[in-house]
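Required output: the full structure, derived from the provided sequences and hints.
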Amino acid sequence: MEFVLLIFLPVIFAILVPFVYKYIKGIHTGWLVLLVPLALFSYYLSFMPLMMDGGHAISELKWIPSLGITFTSYIDGLSLLFTLLITGIGSLVVLYSVFYMDKQKEDLGSFYVYLLLFMTAMLGVVQSDNTITLYLFWELTSISSFLLIGFWYTRDKSRFGALKSMMITVFGGLMMLGGFTLLSIMGNTFSIRELIAQAPELVNHPYFTLALLLILLGAFTKSAQFPFYIWLPDAMEAPTPVSAYLHSATMVKAGIYLVARFTPIFGTSSTWIWLVTGIGLLTLFWGSFFAVKQTDLKAILAFSTVSQLGLIMSLLGAGAISYHTTEAMFALATYAAIFHLINHATFKGGLFMIAGIIDHETGTRDIRKLGGLMSVMPISFTVALIGSFSMAGLPPFNGFLSKEMFLDSMVALQHFELFNFDTWGILFPIIAWVASVFTFTYSLYFVLKTFVGQKNFEQLPRQPHEAPIGMLLSPMILASLVLIFFFIPNLVGKWIIKPAVMAVQPTLYASPEAVDVHVLAWHGFGSTALWLTVGIVIVGSLLYVTIPKWQPLYKIQPAKLSLNEGYDALMRGSEKGMNRMSRLYMDGVIRTYLLYMFAFLSVTMIAVLFIKDAFVIDMTSFTALSLYGVLNAVILVLAVGFVVFAKSRLAAIIALGGVGYSVALFFVIFKAPDLALTQLVIETVSVALFLLAFKHLPALSSHGETAKTKIVNFVVALSVGVMVTLVALSSHSQKLIPSISQYYKDTVATEAGGGNIVNVILVDYRGFDTFFEIGVLAIAGIAVLGMIRLRVSRKETTDENK
Amino acid sequence: MKTNDVILQTTAKVVFFIIFLFSIHIFFTGHYAPGGGFVGGLLTTGAIVLLLLAFDLRTIQQILPFNFTVVTAIGLVLALATAAGSIFFNVPFFTHAYDYFTLPLFGKTSLHTAMLFDSGVYLVVVGSAITIIQSIGGDD
Chain G
1 MEFVLLIFLP VIFAILVPFV YKYIKGIHTG WLVLLVPLAL FSYYLSFMPL MMDGGHAISE
61 LKWIPSLGIT FTSYIDGLSL LFTLLITGIG SLVVLYSVFY MDKQKEDLGS FYVYLLLFMT
121 AMLGVVQSDN TITLYLFWEL TSISSFLLIG FWYTRDKSRF GALKSMMITV FGGLMMLGGF
181 TLLSIMGNTF SIRELIAQAP ELVNHPYFTL ALLLILLGAF TKSAQFPFYI WLPDAMEAPT
241 PVSAYLHSAT MVKAGIYLVA RFTPIFGTSS TWIWLVTGIG LLTLFWGSFF AVKQTDLKAI
301 LAFSTVSQLG LIMSLLGAGA ISYHTTEAMF ALATYAAIFH LINHATFKGG LFMIAGIIDH
361 ETGTRDIRKL GGLMSVMPIS FTVALIGSFS MAGLPPFNGF LSKEMFLDSM VALQHFELFN
421 FDTWGILFPI IAWVASVFTF TYSLYFVLKT FVGQKNFEQL PRQPHEAPIG MLLSPMILAS
481 LVLIFFFIPN LVGKWIIKPA VMAVQPTLYA SPEAVDVHVL AWHGFGSTAL WLTVGIVIVG
541 SLLYVTIPKW QPLYKIQPAK LSLNEGYDAL MRGSEKGMNR MSRLYMDGVI RTYLLYMFAF
601 LSVTMIAVLF IKDAFVIDMT SFTALSLYGV LNAVILVLAV GFVVFAKSRL AAIIALGGVG
661 YSVALFFVIF KAPDLALTQL VIETVSVALF LLAFKHLPAL SSHGETAKTK IVNFVVALSV
721 GVMVTLVALS SHSQKLIPSI SQYYKDTVAT EAGGGNIVNV ILVDYRGFDT FFEIGVLAIA
781 GIAVLGMIRL RVSRKETTDE NK
Chain V
803 MKTNDVILQT TAKVVFFIIF LFSIHIFFTG HYAPGGGFVG GLLTTGAIVL LLLAFDLRTI
863 QQILPFNFTV VTAIGLVLAL ATAAGSIFFN VPFFTHAYDY FTLPLFGKTS LHTAMLFDSG
923 VYLVVVGSAI TIIQSIGGDD
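Chains G and V, in that order, are what the protein sequence lines are.
For the first sequence, counting from 1, position 64 maps to 64 in this note's numbering; every step adds exactly one.
In short: position in the second sequence from 1, add 802, done, that's this note's numbering.
Simulated from the structure, these hints should not be mistaken for laboratory data.
Misleading hints may appear alongside valid ones.
Unchecked claim - Quick look at which bits of chain G chain V covers, simulated, 3 or more residues with Cβ under 8 Å: (1) 675-685; (2) 690-696; (3) 756-763; (4) 773-784.
Said to hold, decoys possible - Coverage of chain V stretches by chain G, computed from C-beta distances (three or more under 8 Å per stretch; other residues unrestricted): (5) 846-853; (6) 880-890; (7) 918-932.
Unchecked claim - Under the rule of at most 20 Å between Cα atoms (straight-line distance), these lysine to aspartate or glutamate pairs were calculated in the EDC-like manner: (8) G:K62 x G:E194; (9) V:K910 x G:E751; (10) V:K815 x V:D858; (11) G:K576 x G:D587; (12) G:K735 x G:E751; (13) G:K695 x V:D858.
What you are looking at is a predicted structure, and each value in this text was computed from that prediction instead of being measured.
Positions of the beta carbon are idealized from the N, C-alpha and C atoms, including for glycine.
Here it is in structure tokens:
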């Protein structure tokens with residue numbers, strides 16, 4: 001089966017969604033949408049045995065074969081892992097959204113269309129082997145994320161957040177496209193597999209470092225790494241199912257996927273290791289530190305996501321070290337990265353859903369108003385507790401296992417001897433430990449401040465109660481996975497993680513079994529990671545207890561100096577700058593614009609004529625003067641003069657019609673019946689149009705012309721006339737290339753089965769032109785309709801902020 | 803001011819049909835003689851404009867109760883569908899086909915897919931021109 005087509009299944013289904021939404025009112029649209037990710041998930045599961053044997057599967061759909069651009073679905077361990085995450089978490093999120101999104105109030109039609117569009121885009125990103133289609137899907141995820149963040153588009157914050165995320169991720173996407181282009185120049189192919197095969201030669205190419213930096217920019221913007229993470233907290237304006245799906249489990253991991261996918265190409269470079277590990281760790285610390293500052297539940301989770309993404313990123317960077325050393329610790333790092341990626345998807349997805357439930361049931365997400373919910377929402381509390389403790393790295397939850405592996409890898413970094421790691425390496429475990437302390441603190445902060453402590457139910461907008469069971473189902477499934485993964489880490493490793501690790505570092509392992517990692521929860525008292533964890537728990541708890549004392553310290557940082565302020569200033573500045581530049585020449589008067597156009601046209605054309613020395617007059621081929629021709633020309637000139645000097649607009653319009661008719665007569669004289677016919681009818685219709693619009697036009701005298709502008713107008717008009725005459729004479733006098741007319745004459749009957757060349761050109765030879773022309777005509781018609789008929793008063797319902 | 807335009811109105815009623823039939827003729831004959839969808843569409847528009855001048859917008863909307871934006875859309879879809887139809891016969895986009903048939907009444911007639919495309923052009927021209935005229939003329 002051509003499973004590449006399955007990438008498009010969601011978006012094809014999305015075409016049906018609006019109809020389903022409109023005509024099937026009884027059922028929540030989400031139930032039907034749920035079928036798509038569920039079916040895909042179960043289908044993709046069937047790839048698992050193949051991946052466990054270290055195999056891969058390819059399916060191809062040609063798109064632009066002449067340019068080497070194809071939709072290639074290349075499924076190996078890494079792609080399959082992401083595919084299962086996308087479809088698996090996707091199913092749970094759709095299930096959750098059925099209860100979260102109100103059938104009556106929300107525009108479910110649009111919501112599920114965007115969500116399915118995203119699903120296709122994301123599947124495309126993780127399965128594409130062709131860099132160009134990878135880029136295409138990559139930007140499609142940005143666009144669908146934009147639409148979903150701005151789903152409640154009547155809110156200012158939603159629109160702002162949507163635009164911000166789009167600006168930053170599309171910027172990164174464009175940089176990545178640059179990187180891909182360089183790679184394709186270096187390797188002369190768009191296929192990632194073929195590029196990986198050439199990896200040893202690519203390293204020495206002069207473009208290597210530039211391509212590396214550009215691709216990392218793409219990955220870092222998408223995966224919200226420092227300093228680009230600022231879009232993620234603002235993206236929390238999206239409906240909670242979207243935050244759980246795009247902004248924690250899947251889309252933000254696209255950058256991590258990209259880094260993992262390109263590790264075989266760039267992984268041997270020290271720049272790559274330093275940047276990926278360094279930026280990852282910095283992001284880990286930054287995110288966890290600022291998470292404690294937040295007061296909105298979803299904002300805490302957003303910063304925590306930023307920080308966890310940094311953690312996975314740094315592990316991938318450390319994993320690349322295994323190209324340079326045989327030390328087992330670094331093989332562990334890649335394994336830990338993949339493991340933590342799965343764990344993060346499970347616990348963070350659940351936590352986001354709980355945040356949504358709290359918002360849904362109490363009407364607020366402000367942690368300062370919440371408290372004591374444990375007694376009324378026991379199930380939510382349990383799920384939140386499991387998720388938070390896993391995030392904090394406590395047993396018996398899966399986060400504990402991957403966190404220990406992370407600490408082990410970071411400790412190992414200081415012993416690595418290449419690339420100056422032996423001097424600076426000591427920083428890595430320290431930053432990692434401090435960040436983990438803050439992670440522990442915000443995990444407690446999230447769950448305890450919400451569920452434990454004083455009850456102030458009077459302050460809440462709604463009387464809290466437990467959520468319906470359907471809404472709790474998805475987070476409960478995720479929470480049970482958190483527990484299950486702790487007890488069977490090595491099975492999960494065998495099924496999914498080892499094939500993925502092998503895909504990240506194909507040159508190092510012959511088969512998934514060769515990845516020699518065995519995860520243990522207990523390493524004995526001698527383990528460094530254990531004591532680091534104990535330290536984290538003690539210091540973290542102390543920090544949590546003293547939060548009221550030190551939280552105000554965040555206010556020391558002046559608001560003016562934040563990254564967000566920088567982004568805002570950049571946006572404001574560029575908007576103002578552009579505006580000012582446009583104002584230099586755009587004065588809003590159409591006649592000025594016409595003046596620019598005509599002046600530019602005549603100056604360039606005359607200049608080209610002179611520079612190329614193309615001006616030729618050859619009188620021999622001219623037609624002899626005829627009485628009709630002369631008479632017609634006289635009428636034409638008289639009519640033009642009348643248009644210019646007419647005192648009333650009505651007279652000018654009629655004279656303009658005269659100009660058109662005499663031009664049509666010229667066509668008749670020179671035997672061009674088609675042109676003459678068209679010109680005559682056009683002239684008639686346009687005069688009628690002018691007369692219709694007549695009453696809307698301002699009085700003829702109020703142009704505010706001075707003598708100076710009149711002279712300028714005159715000069716421009718004269719030069720246009722001179723230009724057209726010169727061009728006409730020259731083009732008539734010399735034929736640089738043979739005329740195509742003969743070809744038309746020869747083939748019109750045989751090839752096109754017609755007799756009238758003019759019409760056959762329109763509908764057949766140059767049918768494309770005609771097609772786009774009628775497209776333009778239709779747009780013009782609709783634009784006029786839009787401008788005149790649909791002038792809705794500006795301040796109407798669409799702009800309010802609820 | 804109430805003008806008396808009996809003569810104009812009476813003439814228009816007759817002349818409208820003459821122009822309209824002529825436009826249909828010109829549309830069909832386009833492949834072999836001067837004419838085609840574009841001119842045909844414009845002529846039809848001209849005929850409708852004549853009615854408009856003789857009567858008023860409301861009367862026109864009663865006589866021709868179409869939504870002309872929909873007409874435009876149908877035209878565009880028809881043109882695109884004709885062009886895209888060739889894909890299903892495994893020939894490049896926009897390849898036209900024609901053949902000769904002997905039909906009752908007409909005798910030997912050539913039938914072209916180009917004609918379908920041209921009727922798309924015709925509909926778009928009529929649709930958007932009347933849309934523009936209706937919007938500008940109807941804006942009081």
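Exercise for review: Mind taking a look at whether chain V covers the region 675-685 of chain G? Criterion is 3 or more residues with CB to CB distance under 8 Å.
Suggested key: That given contact holds, which follows from 6 residues of the region 675-685 of chain G lying within Cβ reach (below 8 Å) of chain V.
Point to revise | Restraint status (C-alpha distance of K576 of chain G to D587 of chain G at most 20 Å) | key: holds, 16 Å
Practice item. Take the C-alpha atoms of K735 of chain G and E751 of chain G, compute the straight-line distance between them, and say whether it is at most 20 Å. Key: Given pair K735 of chain G, E751 of chain G is violated - Cα atoms ~26 Å apart, limit 20 Å.
**Study point:** 8 Å C-beta test of the region 880-890 of chain V against chain G, three or more residues
**Key:** holds (count 3)
Practice item. Compare the distance between the alpha carbons of K815 of chain V and D858 of chain V with 20 Å, and conclude whether the hinted pair is satisfied. Key: holds, 13 Å
Review point. Given the hinted pair K695 of chain G and D858 of chain V, is their alpha-carbon gap at most 20 Å?
Key: holds, 15 Å
Review point. How does the coverage statement for the region 918-932 of chain V fare against chain G, requiring three or more residues with Cβ below 8 Å from a Cβ of that chain?
Key: Held - the region 918-932 of chain V has 9 residues with a Cβ nearer than 8 Å to chain G, which meets the minimum of three.
Practice item. Take a quick look at whether K62 of chain G and E194 of chain G sit within 20 Å of each other, Cα to Cα. Key: Since the Cα atoms of K62 of chain G and E194 of chain G sit roughly 17 Å apart, the hinted pair holds (cutoff 20 Å).
Check your understanding: At a Cβ distance under 8 Å, does chain V reach at least three residues of the region 690-696 of chain G?
Key -> With 3 residues in contact (Cβ-Cβ under 8 Å with chain V), the coverage given for the region 690-696 of chain G holds.
Practice item. Can you take a look at whether the region 846-853 of chain V is actually covered by chain G? Rule is 3+ residues, C-beta closer than 8 Å. Key: holds (count 3)
Point to revise | 8 Å C-beta test of the region 756-763 of chain G against chain V, three or more residues | key: holds (count 6)
Check your understanding: K910 of chain V and E751 of chain G: Cα distance at most 20 Å?
Key -> holds, 19 Å
Of the numbered hints given earlier, the model fails hint 12 alone.
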